[in-house]
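Chemist: Protein chains in written order, with the UniProt record's numbering: chain A, 1 to 212; chain B, 1 to 212.
Certain hints may be false.
Identical chains share a label here; the pair holds if one copy fits it or two copies do between them.
Pairs of lysine to any residue residues, derived as SDA-like cross-links and limited to a Cα-Cα distance of at most 20 Å, are as follows [said to hold, decoys possible]: (1) K183 / A126; (2) K49 / S135; (3) K49 / Q118; (4) K142 / G155; (5) K183 / S45; (6) K49 / L116; (7) K96 / G42; (8) K70 / C156; (9) K183 / L124; (10) K91 / E63; (11) K82 / F193; (12) K82 / P192; (13) K70 / N177; (14) K183 / P24; (15) K21 / P190; (16) K49 / Q187; (17) K91 / S165.
I should point out that these hints are in silico values taken from the structure, not numbers from a laboratory.
2 protein chains.
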Amino acid sequence: MQLWLYCALLAFAAGGCLAQKPRPCRSPPLLEGSMTVITQNGSFSAYAKYAYDAFLQRIRIRELVHANNKTFFQDALLLYQKHVMYLINHKNQTCKKLNLTSQFHPMRIPCNSTFLGQVVLGSLSAPAEGLLVNSWAGQATKEQGQYMLTFTEFGCLPVSVLFNSPNSGWVVTNFFNIVRGIKEPSQFIPPPFCEDDPLETEEEGDFFTAFF
Amino acid sequence: MQLWLYCALLAFAAGGCLAQKPRPCRSPPLLEGSMTVITQNGSFSAYAKYAYDAFLQRIRIRELVHANNKTFFQDALLLYQKHVMYLINHKNQTCKKLNLTSQFHPMRIPCNSTFLGQVVLGSLSAPAEGLLVNSWAGQATKEQGQYMLTFTEFGCLPVSVLFNSPNSGWVVTNFFNIVRGIKEPSQFIPPPFCEDDPLETEEEGDFFTAFF
């Protein structure tokens, strides 16, 4: 009887340990936050505020971009279910409506990623002094590059994304100031002056169009 | 009477707001943790575990270094009060004892740094999902470079250090897995096989010698 109890306890403990290995996860479906993007050679950098709705596949992103020695503001609304994106110019009250060619990518760790490790940013020695994060690596087949993703253990929120490809070199994206939920749902609805703009079917755009 | 009360409350509230602006801080005097260092061109990278004692001005650092296409392990003990550092080779049971030329720099935000901003890594929307950090920038006069420091708001623990100079380019250091206190104080005492080694007065070293 004691042997059975011992075996059962051992199996339970082993199961518990195995279950503690982090698994690829998906971020909450409604988020707002900020991010910075910078390339290895420093020729491109951006500071952006975004709102992300994975239910209705919508992203609104407002960013200050510095590229090719020019600095400009960009405001983009991406409606993946409708396959359209708007580049909004508030100053001139005009819109550029583009055919959105790319698919919606939810914020998540891809299932075929390799777990690199778990670390604490700061410390767990005292409350509010540390953040437990997991890092993952993998190959982005379409872009022929490698990525390294760091997401929080609790909440599956993005902290940083490193991407490297022969075309881009290293691109570092840092995420911060995330809140769960959407403060203002109307930001996913095109402004009134965008509505009458016919779709410029000859021009196409994707997520990266918002940055250039 | 009501006017006085109003003024007093306003002054109290204003004082409270002003007092909330982060100030340069100093890390706890006894710490252990890990760090990674990488240069912009990727020619140098290191993963290190360190123990830091600001009371007695001692640092022990064990690191795996990749530089100039070579990978090697380095174990260094820096005793700033005695002005000596040891490069310890456990395999051969030998030590290199050097004259430690640099001063001890406590982990801290220099007082003349400029406050850049406060952000949350992750989110404060739920417990354990976020970490409040402050970023500071300044000039390192001796090295003729600029630095950007990110430390936790609570605990004043290092998260990242960005340094840029004409000589080095960008150098990115990330800190993690910090614990308050020293697990094993004997790591600051040179191993027995180091004691008899005479000081090689002709050779000098500083903190960066530990990485090369």
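Chemist: Next step is simple, just say for each hint if it's right about the structure.
Modeler: Quick rundown of the hints versus the structure:
1. Proximity of K183 and A126 under a CA criterion of 20 Å is satisfied inter-copy only: 16 Å between copies versus 31 Å inside one chain copy.
2. For the homomeric pair K49 and S135, the shortest alpha-carbon distance between copies (18 Å) is at most 20 Å, but the shortest distance inside one copy (23 Å) is not.
3. For the homomeric pair K49 and Q118, the shortest alpha-carbon distance between copies (15 Å) is at most 20 Å, but the shortest distance inside one copy (27 Å) is not.
4. When the C-alpha separation of K142 and G155 is checked against a cutoff of 20 Å, the pair qualifies neither within a copy, at 28 Å, nor between copies, at 43 Å.
5. For a Cα distance limit of 20 Å, the shortest separation of K183 from S45 qualifies neither inside one copy, at 26 Å, nor across copies, at 42 Å.
6. With identical chains, the CA atoms of K49 and L116 are at most 20 Å apart between copies only, with a shortest distance of 17 Å across copies and 29 Å within one.
7. Proximity of K96 to G42 under the C-alpha cut-off of 20 Å is found in neither arrangement, the shortest distances being 28 Å within a copy and 40 Å between copies.
8. With identical chains, the CA atoms of K70 and C156 are never at most 20 Å apart, being 35 Å at best within one copy and 36 Å at best between copies.
9. In this homomeric assembly, K183 and L124 come within 20 Å of each other (Cα to Cα) only across copies, at 15 Å, whereas the closest approach inside a single copy is 31 Å.
10. In this homomeric assembly, K91 and E63 come within 20 Å of each other (Cα to Cα) only inside a single copy, at 15 Å, whereas the closest approach across copies is 54 Å.
11. In this assembly of identical chains, the alpha carbons of K82 and F193 lie at most 20 Å apart only when taken from the same copy (18 Å versus 72 Å across copies).
12. Proximity of K82 and P192 under a CA criterion of 20 Å is satisfied intra-copy only: 17 Å inside one chain copy versus 72 Å between copies.
13. Taking the shortest Cα distances, K70 and N177 never come within 20 Å of each other, neither inside one copy (26 Å) nor across copies (39 Å).
14. In this assembly of identical chains, the alpha carbons of K183 and P24 never lie at most 20 Å apart, being 28 Å within a copy and 33 Å across copies at closest.
15. Taking the shortest Cα distances, K21 and P190 never come within 20 Å of each other, neither inside one copy (43 Å) nor across copies (38 Å).
16. Taking the shortest Cα distances, K49 and Q187 sit within 20 Å of each other inside one copy (12 Å), while across copies they are farther apart (46 Å).
17. In this assembly of identical chains, K91 and S165 lie within 20 Å of each other by CA distance neither inside one copy nor across copies; the values are 36 Å within and 39 Å between.
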